[in-house]
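S.K.: Protein sequence lines, in the order shown, are assigned to chains A and B. Numbering-wise (this note's numbering), the first sequence opens with residue 1 and increments by one. Numbering-wise (this note's numbering), the second sequence opens with residue 1 and increments by one.
Some hints here could point you the wrong way.
Which copy is meant is left open, so a pair is good if it fits within one copy or across any two.
Keeping only pairs whose Cα atoms sit at most 30 Å apart, straight-line, the calculated DSSO-like set for lysine-lysine is [unchecked claim]:
| hint | residue 1 | residue 2 |
| --- | --- | --- |
| 1 | Lys205 | Lys101 |
| 2 | Lys101 | Lys220 |
| 3 | Lys206 | Lys100 |
| 4 | Lys101 | Lys206 |
| 5 | Lys100 | Lys220 |
Simulated from the structure, these hints should not be mistaken for laboratory data.
Number of protein chains: 2
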Amino acid sequence: MPTPPKPLLQRQTVTAMVAEYIAAKIIGGDYPGGHQIRQEAIAAELGVSRIPVREALLQLEAEGLVVIRTHRGAVVSDLSADDAIDLFDARLLLEPFLVKKAIARLSNQDIANVERALRDYEAAIARGDPKELSRLNWAFHTALLEPSMRPRSMAVLQTLYSSADRYLRLQIEPLKAQTKALQEHRDIFEAYRLRDAVETSRLLKKHVADAAEEIVSQLKRGEAAG
Amino acid sequence: MPTPPKPLLQRQTVTAMVAEYIAAKIIGGDYPGGHQIRQEAIAAELGVSRIPVREALLQLEAEGLVVIRTHRGAVVSDLSADDAIDLFDARLLLEPFLVKKAIARLSNQDIANVERALRDYEAAIARGDPKELSRLNWAFHTALLEPSMRPRSMAVLQTLYSSADRYLRLQIEPLKAQTKALQEHRDIFEAYRLRDAVETSRLLKKHVADAAEEIVSQLKRGEAAG
DNA sequence: GGATGAAATATTGGATACGATCCTGCGACA
DNA sequence: TGTCGCAGGATCGTATCCAATATTTCATCC
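Could you build all of it, start to finish, from the sequences and the hints given here?
M.R.: Right under this line is the structure:
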């Protein structure tokens, strides 16, 4: 029985792989804000041509991770405190709204999904891998909002989140902040499970606002130190 | 005195020109929802290669105008009534919020800009070109929100708007709706000029909500008709 | 006659090659 | 000494060409 010549992973396009690769570097902090991304360097590093690299960069620009200027290439976008306020204010409007819509049409399956996301997050704290923790944190938020059936708004939130994600990592690292976030996640889930839209919305808003305040003050300290 | 060899327009890249070209076709209704966009056809039409066409399509996907599926090309994205509700709910959260922020830091120059946008819109009604009208309508909204200094949120709004824009055109065409929109714009501007944040926000919200209702009901009729 | 499957065709994805633009460093001139 | 202009190299933007995938066509079988 001849196996298929290539593994299933090959199903995705090179562009997508490159985009993932660069995004991971940025989110992981390997490419800090302001870092110049050379198309040829990435291409050589991955053994591909520059075309998929360019197209990956275009996608990342749409997600707000890089900024492209004509004939000057792509630089990793840097977040000012004002940018962070901008991004989080938008999240603070959208997330509470969507969670109410989600609760309005919540199935038991949805609740189970959120519970699983919560447990995954819990387990990751024990292991302590910050990148994984960041990913699972967002997975929890996504699970909360998914039942709202608002793909466009979810896409917007995705970009808002990924623009601030790598800065959130700084906040999420200290163990104290982690356990605080976990407790908040538990509280949110409890209200969510009971389908209490108002309370869930309130808790979620506070949860996001706390994170925002933490990041903004951190960025302001950084800018003052400059 | 030797003039520069090429006109100033050449300053932008081919990709940008192609993106503009396709976007205009979509917004203008020449490419209806669901229409397959062949890279080679566009390339031949404009006398360029397929590479800038592909990159233009990637940008348009980020703006929500087309959907790209691997090895199947790009199709003009079609809006369901649910999508429209999704998009407009997000706008209804963001625009009133941003206009309040804008008023909080309003300069006389900003007010003059809005007034000019309002007059341009007024003048376009007289001429009656629907594409131009659509563009100037959004220019007015943008001018209102610009002083908020929230570039990230503005970028989000831009994509939300351009996804629904061409359906708005249907609503904006009847003369009655046009004059209604104009009167609303005038009312909004009056409150804005007086720096009345609450009233401006209220009027703007209603203005957007009215447009949303019109479009959604129109889409629903279309879906029922199949 | 309709469904199934394989070859032919069309279309997209990616690699290589070339021209255009921008940045850097050196020298000329005020 | 400081500023300007001008090579030279580095990097990006686009065209051409090849490979991979999807769609269509057409013969075959039930």
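S.K.: So, for every hint listed, does it hold in this structure?
M.R.: These are the hints, each one checked on the structure:
1. Lys205 <-> Lys101: both (15 Å within a copy, 19 Å between copies)
2. Lys101 <-> Lys220: So lysine 101 and lysine 220 pass the 30 Å test across copies only (20 Å; inside, 34 Å).
3. Lys206 <-> Lys100: Both: 15 Å inside a chain and 21 Å across chains, each within 30 Å.
4. Lys101 <-> Lys206: This pair counts as both: shortest intra-copy Cα distance 18 Å, inter-copy 21 Å.
5. Lys100 <-> Lys220: between (33 Å within a copy, 24 Å between copies)
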